[in-house]
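> Listed below are the residues making up each chain.
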Amino acid sequence: MIQLVIAGFSSFLVVGLTALYDPASAGGDELTVGISGETEDQLLAVAMERDDVEPRPYVSEAAAMEAFERGEVDAVVSGRVLADEAETVQLDVVVPAEDLRTTLIVTTLREYLIAVEAAERQERAHELSFTPIELPEETGEGSPYFGFTYTILLPLLLFLPPFISGSIAVDSMTEELERGTLELLRVAPLSLVDVVDGKALGMIAIAPLQALLWIGLLRVNGIGISNSWVLAVTVTAIATLAVVIGLMLALLTRQRRQAQLLYSILVLLLFGLAVALPEHPASTIAKLAIDSATFGTFAHVGFITALAVGSYLFMRRYVTQLNPERL
Amino acid sequence: MKPAKILRIARWELTKNAGGVDRRTLGVVAVAVVLLVAVAPVVAFSGVGLDDELYRVGISEESEFAPVVAEDNTFAVVDDATVQDLESGQIDLYLADTAVHRSDSEKGAAAYEEFRDSVATYNEQQLRQEPNHSAAFPVEVIVAFEEQTGSAVIVGAPDGEEPLPEQDQDDADDGQPADEQQEPSGDEEDEGQPAADEDTDTDEALTEETDEDLPADEADDGDPEAPEPSDGQELEEEDEQTGPLAEFLGPLSEDGLTGSPADITPPFPFQSLVLAFLFVIPLNFVIQAYGSTILSERINRRGELLLVTPVSRTDIIAGKTLPYFVGAMALQAVLAVGAVWLLRGELGGFISVLALTPLVLLFLGSTFLGAMFARSFKELTFVTVTITVSLTSYAFIPAIFSDIDPIALISPLTLVVRDLQNETIALSEFLFSAGPPTLVALVFFTLGAGLYREEDMFDQRSMSGKICDSLVGPITSKWHVGLVTVMLIPFVLVTQLVAVATFFALGELAIVLLFVVVAVTEELAKTFHIYAAYEHNRFERTAKSAVVLGTISGAAFFLIEIAILVFQLIGFTELEIGEALLLFSGVITGPTEVVLLLPPLALHVATAVIGAFGAFRSKRTYIVAVSLAMLVHLVYNLSVVMLFV
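Residue numbers (the numbering used here), protein chains in the order written: chain A, 1 to 327; chain B, 1 to 645.
Chain A on its own, in the form it takes in the complex:
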């Protein structure tokens, strides 16, 4: 249920964030631009070659501004040549002061202005020591969502279940301790290690299942995910780490509030500190999923798994020497 809510919310965020990632993807309409000033000819020439800008010449900037205020043009560009050595072209650009639309307009205009700059630069090429590499032709085929899906969305979806598993592990352990129900469990022929094992394994097992579910859902949506079993292993390892951290904190602090607070901050911190690794776990997941995994990527999976196993064994040792009477 909660997962559903989060799924709904995150899919909404995806659209929002993607638009943010590349505002141009939300637009696509042709922009009507009022053009005036000394460099009108150059501006018009560049605009003619582009299909995202429809130029409209005006005799003066004042006339263009009037049209702008009447809403006939989306933006006004007026240019003049400065009297400096290089004859720099100064372009005064006026765009509407709105929110989303402004962003779309500025994004399109930016492309156009870069083209203008490239044309002007061409004229001054003899003064430059570096010749810009010509841009490969635009195909317009590549989806701006593509990289985003693998580098942000997928790691987000796969990291969430382990984090929540750890958080629930904290809850279920501290609850037993605070309510004193651990006593009841100990009446049964179970050692403390068995109890902790049971709690940990349950929480760890949930995470890869959720991860595989997400992967399946993404596949249904036509997003190919490679190496799904390696991903499941990675998620299991991360879940193990999170659950171990959670249970250790629960056993150490014995109070939910302390344990939860420390858990969320420590996990955040670890996630940040993972930057020190040659490859961030999020990046590992992205590379596995997009099928660009290198030897290093698999080495990382191995490392994380080893770390998880090691930490789990450490926790078991710690629990074995705990005196249950004193909990």
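Any given hint might turn out to be false.
Claimed, not checked - Below 25 Å or equal to it, Euclidean Cα-Cα: the simulated DMTMM-like pairs (lysine to aspartate or glutamate) are:
| no. | chain 1 | residue 1 | chain 2 | residue 2 |
| --- | --- | --- | --- | --- |
| 1 | B | LYS619 | B | GLU540 |
| 2 | B | LYS466 | A | GLU178 |
| 3 | B | LYS466 | B | GLU535 |
| 4 | A | LYS199 | B | GLU379 |
| 5 | B | LYS378 | A | GLU183 |
| 6 | B | LYS378 | A | GLU175 |
| 7 | B | LYS5 | B | ASP456 |
| 8 | B | LYS466 | B | GLU540 |
| 9 | B | LYS378 | A | GLU178 |
| 10 | B | LYS478 | B | GLU540 |
| 11 | B | LYS466 | A | GLU176 |
What the hints assert, rightly or not - Ranges between beta-carbon positions, derived for each pair:
| no. | chain 1 | residue 1 | chain 2 | residue 2 | range |
| --- | --- | --- | --- | --- | --- |
| 12 | A | LEU182 | B | SER477 | 26 to 32 Å |
| 13 | A | ARG179 | B | LEU431 | 43 to 49 Å |
| 14 | A | PHE314 | B | GLY465 | 38 to 44 Å |
| 15 | A | GLU183 | B | LEU483 | 41 to 47 Å |
| 16 | B | GLY89 | A | THR181 | 51 to 57 Å |
| 17 | A | THR294 | B | GLN84 | 19 to 25 Å |
| 18 | A | SER60 | B | GLU87 | 53 to 59 Å |
| 19 | B | GLY465 | A | THR294 | 52 to 58 Å |
| 20 | A | LEU213 | B | TRP12 | 26 to 32 Å |
| 21 | A | PRO278 | B | VAL37 | 44 to 50 Å |
Hints are computed from structural coordinates only; laboratory data are not their basis.
For every residue, glycine included, the Cβ atom is placed at its ideal position computed from N, Cα and C.
Starting from the known structure of chain A, fit chain B onto it as the hints suggest.
Just chain B now, with coordinates in the frame of chain A:
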């Protein structure tokens, strides 16, 4: 309510062991937070790319693209790859001497686009190192933002954020940024500024913009032509003043943009996202601790001790909430005043703090109620996650549409955005935005307080049972049914407003969806507590009492709804969907025509009676009856829209 007692309980909450966080934990948290703060900028800026080595490329020995690939970590070079490897999926791009080949897959297409961007970035970087700067960047762009309605409202007002150094040095220079934005119709041209001046102008402006708008790593190497020493000094000082946060918040100020075309970053449209993260995320930590403290009172009858003391339960609740409220408000105040100071370089943000209060109350209120409902910590975790998700979307979604007034104002965050931009906020706007959440928070606290008694606190009842209990709490006579209905209205209103914000972009369909939400929420608000009251045997289970209760509930709902619609939904008539919202209550031609008010009154009473009729028998009949009532409500609303539009 006795302040002394409240304060004492608040002090206990902070100091006693079961409630407070012990020193050891605090120490660890402090160290962790410090580390986190230290790590955060590295994560955010150093381009610890999540997309490192995302695409695999093969490259020919003579390729002109070699330096591009070397610069960009996104591309991993596969040694000895040839064009043929594209087909097998070994590589995604093959860089020949002057051409780029891509594999025929989605990944190849994406890699190709990414590579185009990389080439552009590389060119830009190389050109920045050119000795002849003006030849490398022959175009200077000055972007100004203007309202298109004709009135020349300036967005980038002279707000003291960017005191350009040359202003005080050069009196002859009239080209203050504010003036440029105010009258972009070429005033400077008439005044004929000396060209040299202009040149320094733009160079400095470029530096500043680069510093502010680009990620740190680009900004660092983005300044080959250092300005004159004296100016540089001032620039540096200013950098210190605005601080690194300005990079995030910079676009909020919507100043004019200046620089070469590639430097122009589109203004960040989802300012509320930044704000949501800034103001809302810390609240989640606060409610975690708050939820824990409330729930731990309920574990092992700990709260019993306080309950048996001669302190009223409102005092207990107020006392236990106070530290968290004060803490959260202090945090928000620091953030708001800090943001204002960073953006505008002056003290302010009072309105922001005021606008954030309902949000804080809402978080605490819903957590309080959630902690009263939850049976275990596990349930509490789910409750807090739900609260986080739903309240974040409540604060965030409407604020996205910041150019559509009534929608944006649903979220108090919009008020904060406007305050940060130094825009004036009308009192009515403030009330519209902050009123409903405050009321909802109060409702949450009231309902929760109804449960703060021995019978409920230490009882392992199910969530739904608790919800019934909390609703029945205040009902002792039949008139109280009307009061509970009134109490639930803010909740209905907020839900509907969020629905408006979520659906309004969908056009026609939105109105239908909205009506579904309206019917469901209103019918539940009118009759659920009646059902709960019957379950608790507060009233005789007869048809007569059902009619009476239904009438009271429906009429109460109608009265408040009309009052709210007339006084609160100020600007909603501008929008089609808002019109629909007004319409179904019958206020289409204004409240003066009383005749038109009768049908909605009849509707509300009728549907409430239908619901109440089901309620007095059993759970199953209630579900059937309330669904029927929702259907009637929906059909009525839709037919009204059909008739009048």
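> Next step is simple, just say for each hint if it's right about the structure.
Now the hints, each set against the structure:
1. LYS619/B to GLU540/B: 16 Å, holds
2. LYS466/B to GLU178/A: Between LYS466/B and GLU178/A the Cα gap is close to 22 Å, so the pair holds against 25 Å.
3. LYS466/B to GLU535/B: 12 Å, holds
4. LYS199/A to GLU379/B: With a Cα-Cα distance of about 16 Å, the restraint between LYS199/A and GLU379/B holds, given a limit of 25 Å.
5. LYS378/B to GLU183/A: Satisfied, since the Cα-Cα distance of roughly 19 Å is no more than 25 Å.
6. LYS378/B to GLU175/A: 8 Å, holds
7. LYS5/B to ASP456/B: Between LYS5/B and ASP456/B the Cα gap is close to 23 Å, so the pair holds against 25 Å.
8. LYS466/B to GLU540/B: With a Cα-Cα distance of about 22 Å, the restraint between LYS466/B and GLU540/B holds, given a limit of 25 Å.
9. LYS378/B to GLU178/A: 13 Å, holds
10. LYS478/B to GLU540/B: 11 Å, holds
11. LYS466/B to GLU176/A: Holds, at about 23 Å.
12. LEU182/A to SER477/B: 26 to 32 Å: 47 Å, violated
13. ARG179/A to LEU431/B: 43 to 49 Å: The hinted range 43 to 49 Å holds for ARG179/A and LEU431/B, with Cβ atoms some 45 Å apart.
14. PHE314/A to GLY465/B: 38 to 44 Å: 43 Å, holds
15. GLU183/A to LEU483/B: 41 to 47 Å: 46 Å, holds
16. GLY89/B to THR181/A: 51 to 57 Å: Check passed, 54 Å falls within 51 to 57 Å.
17. THR294/A to GLN84/B: 19 to 25 Å: 20 Å, holds
18. SER60/A to GLU87/B: 53 to 59 Å: Given range 53 to 59 Å: holds, Cβ gap about 57 Å.
19. GLY465/B to THR294/A: 52 to 58 Å: 56 Å, holds
20. LEU213/A to TRP12/B: 26 to 32 Å: Between LEU213/A and TRP12/B, where Cβ atoms are some 45 Å apart, the hint is violated.
21. PRO278/A to VAL37/B: 44 to 50 Å: Violated, at about 24 Å.
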